[in-house]
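With the hints as extra help, turn the sequences into a complete structure.
Chains as they are written, first to last, in numbering that gives the first Met the number 0: chain P, 0 to 380; chain R, 0 to 267; chain X, 0 to 351.
No lab work stands behind these hints: they were computed from the structure. Even for Gly, the Cβ is constructed at its ideal location relative to N, Cα and C. Among the hints, a few may not be true.
[Said to hold, decoys possible] Partner residues are not named here, just some residues of chain R that face chain P (Cβ under 7 Å, in silico):
| hint | residue |
| --- | --- |
| 1 | Y192 |
| 2 | T193 |
| 3 | S194 |
| 4 | L195 |
| 5 | Q202 |
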Amino acid sequence: MAELKFTQQQEMLRKAVREFVEKEVKPVAARLDAESRFPMDIFVKMGKLGFAGVFVPRQYGGAGLGMTERAIILEELGRHAAGLAMALMTHHLGVDAILSYGTEEQKKKYLPDLASGRKISGLAVTEPTGGSDVAGQLATAVRENGNWVINGRKCFITNSSNAEVNVITARTGEDAKGRPAFSAFIVENAVEGFSPGREEDKVGLRGSSTGDLLMNGCKVGDASLLGGEGNGMKMALSLFTKIGRTGMAAIGLGIIRACLEDGVKFARERVLYGKPLSKLQAIQFEIARTRIDYEAARLLTYNAVGLKEGGAGADAEIAAAKYFATEGAVRAAKRTMDLMGGYGVINEYPVGRYMRDALTTISCGGTSHIMQIIVAGQTLN
Amino acid sequence: MSGFHIVVLVKPVPDPGCYDRVEIDPATGVLARQGMPSVLNPSDRHALEEALALQERFGGRVTLVSMTPESSAETLREALAMGGDEAVVLSDRAFAGSDSLATSRVLAAGIAKVAPFDLVLAGNESADGGTVHVPSQVGELLGVAHLANVIRLEVDPDGSVRARTRIENGYVEVEAALPMVLGVRREINSPRYTSLMGVIASQGKPIRVLGAEDLGVGRSGVGMEGSNMRPGKLSRPGYRRKGERVKGDPEEAVSRIVGILRAEGVLG
Amino acid sequence: MTGVAKAAGRKGAIWIVAEQAGGKLAPVSLEILGQALRMAREAGECEVAAVLVGKDAGGLASVLAACGADKVFLADDPQLSPYQNDTHGAVLTRLIAREDPEVVLFGATACGEELAPTVAARLDTGLGAHCTDLDLSAGGLLMMGVLGFGGRVHTEMFCPARRPQMASVKPGMFQPPPRAERKGAVVREDAAALLEGERIRLRAVKVVWKEPEGVPLEGAEVVVAGGFGIGGKEPWALLEDLARELSGAVGCTRPALDEGWTSGEHTMIGTSGKTVRPKVYLGFGISGSPHHTVGIKDAGVIVSVNSDPRAPVFESSDYCVVSDFRKIVPALIREIRKVKGGGVGEPAPSVA
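Structure, rendered in structure tokens:
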């Protein structure tokens, strides 16, 4: 049984991403959080370096790599700016929706701009009546004179204010058993009747915009239907697993690493009773626990990503990774805030942001409760 | 004009961020550099960026040349991920202990091996040695025009060059023509980040290793034997002072500092 | 014969290559002249000569002679201005080959950094770079002290076999020579003859002088320096205010320079930057990496303020204040204004 080992190319890739993040993102991370601002200029730079289309094939303008490389990028970004990582993560949802389910025309039309970061994307499923309960969506799309007319309101949608290419699910009918059937549509933000709504003021992950999408008699042609009529729910759930949860796990892992590195630095430098804090056993135990959370989250995340790339369903493994990495980030952040004492609660230090970001990851891509339901379901069947 | 052949001299150096780890072996009096990771000499990124910008404008080839132990050859792949078509590593036991002129001899031989060339670019100085000698000496050995301290470079397709070099309190505009060797300062440009596509591309780019025999350099001109400069005693300079703690709250500290300023006669 | 070490007993001359900058002598030229004179005195009876290459430089050559050089070789010609490494390199190489000095010193200015290795390559001789200390043995062997690894390692370098032994010296490391007793002679060289046969490939077409902003670090009696701990451009302004109150110069470390808070590279103090010797140096938010402390090692009184009690800078300081600079600098400015305004202020505590 071989150890989890990255290829030389993946290690080089990580190093290149880390250099970019440390020079361009780290210096502004605190300000992005304070101002709750999505940095379009940095996203464009990331696009040029290939981050936005990391898993998109070369023929459509992407880097032609895979989910492991994507996870590496999200981990490195999450280490310093989890909010920005969230924006990129969500962009990938829209990108993969079109890549995996689009017609050749749709792929050629949208992927080059999305892969290069010239345009931003998002996936809009959640509504006030349907988040964890996705079947509770009320948005509708009705055929009218050869077009689809979409009405409804999505909420808690990341990249709401910035996405030019939105993938939106709406009810288009009923299935054979009389249950609601959903379809997915590609809706560009310039379409009449479409607008981003109110932006939320979030506790964490504040480098990304999150808010409502309002569809008011939004008219789109047949060419906008994505993945065939009635397949919307299947597509969305598949994307949540393959792209959403793996992405959140990687971001959570990045936050754990941030807590570990900052905690170690503080423990080494802070002097108490004439010795560095790191000499105290109680502190050593805290550092050890965070380290263990990091090691475990790392293995769960990259193993789950690897399994999925290999073709396995990996629903339980991915849910477990998301659950563990995000809850682990919350634990790590609390431990690190505590060991930093007074310094932990001053905003000059980033650990408060790590905590808020970690708490916010719990509800993204499926809550911890849902993750446990998925794992239990697979385990008990 | 099918573009230029630009050679960029690059050097893996111990990571300046890890300088605190440098040790002098008390028994041998020699530097112990174990455990210090290698990075691309920071100035060299600027030289490479300048070469890539010229390649984007005019086409042509960019070859990286480095005199470095074979074990550091993979650092060259990181440079290739930023850009460049191939790397040539000049490595041989015989090169160890070279001073800047001996190093320049090896580099000149390496450049001759990949000749013809139009332009050789190098970072002005290396983070560990900091001599600034190599661009000038490589130029002399190759018998071409050379300039150091370049902060701006304009090249025309016909090979005419207008370079701006930094001097204290100003700059000099110099005209010349290719072929040339230029040492560039960091302020000349902002090096590009390495993209994912660059990392992928670097995997397939050739990295050749050439030794003394391949280069046809005689042992007498290189390495310790070929160096006019010899190192002697190593020591850790200490700049210790009395380190008196100024006690008390900020107000008292401020009073103390004012007192010092007065005592030294710098406060009216 | 030229190029190789002399038989024991013969003492060759010590040369310095002087530099003309904007109609004046570059300060480092007098600094290295001072070192050459010192070494000649200590090693016993060897000649000290200066070489000046340029245009309309007769007056400056006389200054060098008046400062104690036994001889000043002057190559004065329009072709030799502005400086170019090929013209100056050719003249210098031929003069050295003809006269066979023991030692040749250069100032490690931008020009010197280029000219010295050019000449060393032409003569196939050794060159110590950015030397911080020099010593000439009785036997005529030059010890060149060189710093590496960001100021952490000092190496003694030698050029045992080839001649001349050449070294470039960091500006500001040394002082100009004291008043000279003897005055030397200026020897005018035939520049055209020295340039004959040399392929001149460069053409320096324009020289632009830009006076840097602010009080220059060189010669400032008070230096106010900041490091990475300052944290931003806004707080940096506090240091500039403080320097202004004291008519001092503002300096910085490399990390602060890289962050873009300072007015330029000319304010950086350190092994790859300036060396300063003010009467009082006030450092704020500087951790004390050897790269920087080398640049202030000869300052009069060093006062450092840093919020980290274990900052290495305190070992290289005379007075150490453990505090956030924001708590010190504004109050310090106020107190200084009070004192300057003739206010009595607090009686100065005794400074032992």
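So, going through the hints one by one against the coordinates:
1. Y192: Holds: closest Cβ of chain P sits about 5 Å from Y192/R, inside 7 Å.
2. T193: holds (4 Å)
3. S194: Since the shortest Cβ distance to chain P is 4 Å, the answer is holds.
4. L195: holds (3 Å)
5. Q202: holds (6 Å)
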